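Heads up: the sequence lines are chains A and B, in that order. Start counting the first sequence at 1; every next residue gets the next number (the working numbering). Start counting the second sequence at 1001; every next residue gets the next number (the working numbering).
Treat the hints loosely; a few may be bogus.
[As the list claims (entries may be wrong)] Some chain A residues near chain B, calculated using beta-carbon distances under 8 Å:
{"id": "1", "residue": "Val89"}
{"id": "2", "residue": "Ala98"}
{"id": "3", "residue": "Ala143"}
{"id": "4", "residue": "Gln146"}
{"id": "5", "residue": "Ala150"}
{"id": "6", "residue": "Gln232"}
{"id": "7", "residue": "Arg235"}
Don't read these hints as lab results, they were simulated from the structure. If you're wondering where the values come from, they're calculated on a predicted model, not measured in any experiment. In this text, a Cβ means the ideal position worked out from N, Cα and C, and glycines have one as well.
Protein chains: 2
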Amino acid sequence: MSRVLVTGATGFVGRHALQPLLEAGYDVHAVSSAPAASPATDGVTWHRADLLGDPAGVVRDVRPQRLLHLAWYAEHGRFWTSLENLRWVEATLALVRAFAAAGGERAVCAGTCAEYDWTTGAATLAEDAPLRPATLYGTAKHATHQMLDAAAPELGIALAWGRVFFLYGPGEDERRLVGSVASALTRGQRALTGDGSQIRDVMYVADAGAAFAALVGADVRGPVNVASGEAQTLRGVVEATGRLVGRPDLLDIGALLTRPGDPDALVADVTRLRDEVGFRPRVALEDGLAATVEWWRAQPPTS
Amino acid sequence: MSRVLVTGATGFVGRHALQPLLEAGYDVHAVSSAPAASPATDGVTWHRADLLGDPAGVVRDVRPQRLLHLAWYAEHGRFWTSLENLRWVEATLALVRAFAAAGGERAVCAGTCAEYDWTTGAATLAEDAPLRPATLYGTAKHATHQMLDAAAPELGIALAWGRVFFLYGPGEDERRLVGSVASALTRGQRALTGDGSQIRDVMYVADAGAAFAALVGADVRGPVNVASGEAQTLRGVVEATGRLVGRPDLLDIGALLTRPGDPDALVADVTRLRDEVGFRPRVALEDGLAATVEWWRAQPPTS
């Protein structure tokens, strides 16, 4: 039985990778700096570690054959420019070096659509589209991929790099689009949004977790878009959320300005994920939004 | 008096940056893992530190306003592909973060001409030429620059990145071109070289050290080629070395094969270094080679 170590395993995406990895037959080890927050997943072995302080220790203890590295700084609004990105680059390089030194064979890491050039106006972004990150976050992720890709032969590992597009689902930050709309409407409050004309590739977070689990078990190397491949207007997403809550009357679409420089369309070409990894999203937008709304309904009221 | 910390200060280039920095009026602090090897330079304060083990400590102790970071893994033949490159990326990010946190204002780091795309056939490489490193070394340097450049506003520092081309001079590794020819001829041994048809930008190492010292004192940000701007054939360099030793008869030019993929020409556009930094190389090729030959003559015979 092959052993896999999952970092960021209590995170928005990571918690959804655990069950698919168990079902694929892996001996699943998960690392978190706060195991108290661990999702209750029978069969997962949890390890407490601070990857920023000691990135190598947990790898030396677990000696996994495969690594799914999802941990990164993700504080909403701050992660685009935070210097924490540099600390996570340092930790990631040290983690993957230690993984390789301990006999690791295949590493899968989380990249981002923010690595791509968003100014080309391309209808869809395939993995070989121009890369030109405009933020420290995108730059740090892109630089990490370049380095690990160049180092993979010397490390003696296979490397796949999942470029995540736009995700939504239970546990999403309340300041992000679906989170803000769903949390407001389920509390009977108005939800103010931009005009929603932007076209985005949105994926249900559990599908993203399952896609990463599939990447762990695949042979594919290099960048792979982790996305739905479907173009949605944000207005459509917001309106569907309003219908599902049953309070479309509380929507105030167009009340907020669109951020300057926000591109009209960001949609992934998912040919690699579909044909080379063999993964297809299972959760339709309407179903994913319904589950998200249910999750927000179940949250205790905030003060 | 502004305080500058120099890393790699006992290295091939670094030792030549100290005197120009002293002459420019800096309070010069130098760090080395082996201060016993320190060049005797009156007025320099030496610190012993292992930058790979504790990159931040020396910065917290010295609290410099300026940083000249030249230290990197440079083992001949190995540095192109070594995983030590990743360790130096980690150390460099941590070092510059600590420098900024301790009040640092301006950092100058060493990049490389190996960041450029060597396959374009361009007559000269300006700083905005396409970047496409073909090696782990070039990739690691390029990635580090991308990240530090993107992080500079958050770090609150100015960053300049000196892209070094081809250097020669005293102390050069005996397995590099000028080092191998000069060491062989001064010992009365034959020197075997390739056909020498390649055109390269070669700079005397003391000029490179002085150029970096000038970069520390300049206002320029971003990449700056550290090079002579002059095109030399390697054959011309080798033949001049033969004449200066007085043993051109020992040259066997064309005895070795040229490495596959070695580009025909690599010459820097030095407009930025000349006009924006105000630096011009002081040592003509003939004089630099003469000094190099003298240095080899003074070396004790090897067993």
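(message) So, against the hints stated earlier in the document, which numbers end up violated here?
(response) 2, 6, 7
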